[in-house]
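Protein chains: 2
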Amino acid sequence: MSSLGQMVFYSDFDDFNVWKEALQHCLPELEIVHSTAVTHPEKVHYALVWKPPQGFFARFDNLKLVINLGAGVDSLVGRPDLPDLPITRLSDPNMARMMAGYVLFAVLRYAREIPYFEQAQQEPAWSYRHPRSPEDVHVGVLGLGELGAYAATELVRQGFTVHGWSRSQKEIEGVCCSYGTAALPAFLGQCETIVVMLPLTPETRGLLDEHHLNLLPRGANIINVSRGEVIVEDALINALKTGQIGQATLDVFTKEPLPLDSPLWAMQQVLITPHLASVALPLSSSPQIVDNVLRICGGKPVLHQIEVMRGY
Amino acid sequence: MSSLGQMVFYSDFDDFNVWKEALQHCLPELEIVHSTAVTHPEKVHYALVWKPPQGFFARFDNLKLVINLGAGVDSLVGRPDLPDLPITRLSDPNMARMMAGYVLFAVLRYAREIPYFEQAQQEPAWSYRHPRSPEDVHVGVLGLGELGAYAATELVRQGFTVHGWSRSQKEIEGVCCSYGTAALPAFLGQCETIVVMLPLTPETRGLLDEHHLNLLPRGANIINVSRGEVIVEDALINALKTGQIGQATLDVFTKEPLPLDSPLWAMQQVLITPHLASVALPLSSSPQIVDNVLRICGGKPVLHQIEVMRGY
Chain A
1 MSSLGQMVFY SDFDDFNVWK EALQHCLPEL EIVHSTAVTH PEKVHYALVW
51 KPPQGFFARF DNLKLVINLG AGVDSLVGRP DLPDLPITRL SDPNMARMMA
101 GYVLFAVLRY AREIPYFEQA QQEPAWSYRH PRSPEDVHVG VLGLGELGAY
151 AATELVRQGF TVHGWSRSQK EIEGVCCSYG TAALPAFLGQ CETIVVMLPL
201 TPETRGLLDE HHLNLLPRGA NIINVSRGEV IVEDALINAL KTGQIGQATL
251 DVFTKEPLPL DSPLWAMQQV LITPHLASVA LPLSSSPQIV DNVLRICGGK
301 PVLHQIEVMR GY
Chain B
1 MSSLGQMVFY SDFDDFNVWK EALQHCLPEL EIVHSTAVTH PEKVHYALVW
51 KPPQGFFARF DNLKLVINLG AGVDSLVGRP DLPDLPITRL SDPNMARMMA
101 GYVLFAVLRY AREIPYFEQA QQEPAWSYRH PRSPEDVHVG VLGLGELGAY
151 AATELVRQGF TVHGWSRSQK EIEGVCCSYG TAALPAFLGQ CETIVVMLPL
201 TPETRGLLDE HHLNLLPRGA NIINVSRGEV IVEDALINAL KTGQIGQATL
251 DVFTKEPLPL DSPLWAMQQV LITPHLASVA LPLSSSPQIV DNVLRICGGK
301 PVLHQIEVMR GY
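Quick note, the sequences are listed as chains A and B, same order.
Using the working numbering, read the first sequence as starting at 1 and increasing by one per residue.
Using the working numbering, read the second sequence as starting at 1 and increasing by one per residue.
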């Protein structure tokens, strides 16, 4: 069934062989080729890619579909070399669960005052602090797309008082939802911990600037698992220095890898992870990739197509 | 309605006024008195206590019910001065949730390799490690009572492969359950992280000794939220030194507060918290306390009564 054509794979982060095996398990006829091993670019009909180099798509004249190997497509949509084809992203509940797991870890760590006890252990001191009831802990989730909504629901399950903010109106059981620019100040003012889960778009770039960071209660905690550029990094650094922001868990940064001269590295009140809050999962995402390949073959519209103009 | 009698309160950890308010909200006729303010001990019919001093009960001749202000009753059942009365413990889903929150935090921290990234931040280094799929992470829950079963279910929800072990046969959806002494070695051998949630009884005291710790895969992680005495602390310290145990999150210890000369304090691979994985919650536990008071008044059997001989 060579009519399917080939799929080219590119990622600096993901394991080609694991993806190849998972995809071929779903669709044995699909030939998956690493971008360095393509001998007949005209045979390539699909591209499964994460941040391919500029000019990557030029040699594939018969490309029919681009699949972003992840949920966030901001690195793809702004490219001048993006072909005029359907672009899809992964929409995998298991990715949402993995992201929510990271968020749960980070929020529970603050709610249970783990950094305080780590500090006490350094001294060392047995420094008892009676835990707060979770309903007294107000957590805000900024961005209620698939990933944000999933994480917010898991936070509700822990008993936290959860506030949600999004661009457009959303309803999530147990979450106090607000939306639109006018509602943002009130949302920020009531959250001791906020979790940034917005997609990066022209509207969200730099949204959390000095002004908005100052609207949070003094000493608030920030967890960023979306994109570094949603927060003005210099404003965040400054707010961490002044104590306006008490603590931060940062998985994403304006520039990645985070430059070694960034003051964030040395801040005791900051936990840095190298952009891995969630990753594409071969076993659970392969069926939807294969489904879209078959849709293209059958002339049907693909699922999880992104709107390039909107940015996600 | 003075026929209800008084309730005496004792705890070095819990806030008397918060408990008094929560209980009186449920049953305004109930008079709650702090143990230091009792003027007529003969009027005291109920004792709501956490680790009261030896001899505490002697002056209360008309006591009808002892309520342990917590889930674990090991500190109460072994006492020589325990009156021959119904003893109840708290059984509150919100306490189970709080405990599960701590367990989730600790398991996610290991599953997502946070200590590794904290180390990288010290250098500093952007040291990417691709996250593992949660189903590849095998977590074992030792003890499947109310608290253990709840935590195991939450771990299943995160996608981990969860094994459970208990004294008697249990079935929990999504958990691979085994039971009895003969099954313990196989259980231990397959868990990269174990969570100790057993009650402390004569049977579980010192259960995790050198022999059993050696049955875990090399470098396994231990999370203990039950009682320190379930693990032979010297054996644990030794296993941490040799690397047989890779990391530990310890909320409980053989002696509390943990003595400042314990080698555990200085171990980088150990996270110490001062016995607060879960605490009694006034709002959610007061209704069941009041319910038992009314049952005593009505001559009915109380709920959540402990079997002193069995130890829990």
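Take the hints with a grain of salt, since some may be wrong.
No more than 25 Å apart at the CA atoms, straight line, and that leaves these computed lysine to aspartate or glutamate pairs for DMTMM-like [claimed, not checked]:
#: 1; chain 1: B; residue 1: 255; chain 2: A; residue 2: 135
#: 2; chain 1: A; residue 1: 255; chain 2: B; residue 2: 234
#: 3; chain 1: B; residue 1: 20; chain 2: A; residue 2: 135
#: 4; chain 1: B; residue 1: 255; chain 2: A; residue 2: 123
#: 5; chain 1: B; residue 1: 241; chain 2: A; residue 2: 123
#: 6; chain 1: B; residue 1: 241; chain 2: B; residue 2: 291
#: 7; chain 1: B; residue 1: 241; chain 2: A; residue 2: 135
#: 8; chain 1: A; residue 1: 241; chain 2: B; residue 2: 209
#: 9; chain 1: A; residue 1: 255; chain 2: B; residue 2: 113
Honestly, the hints are just simulated from the structure, not real lab data.
Note to self: To test your reading of the hints: which numbers does this structure violate?
What the structure shows: 1, 2, 6, 7, 8
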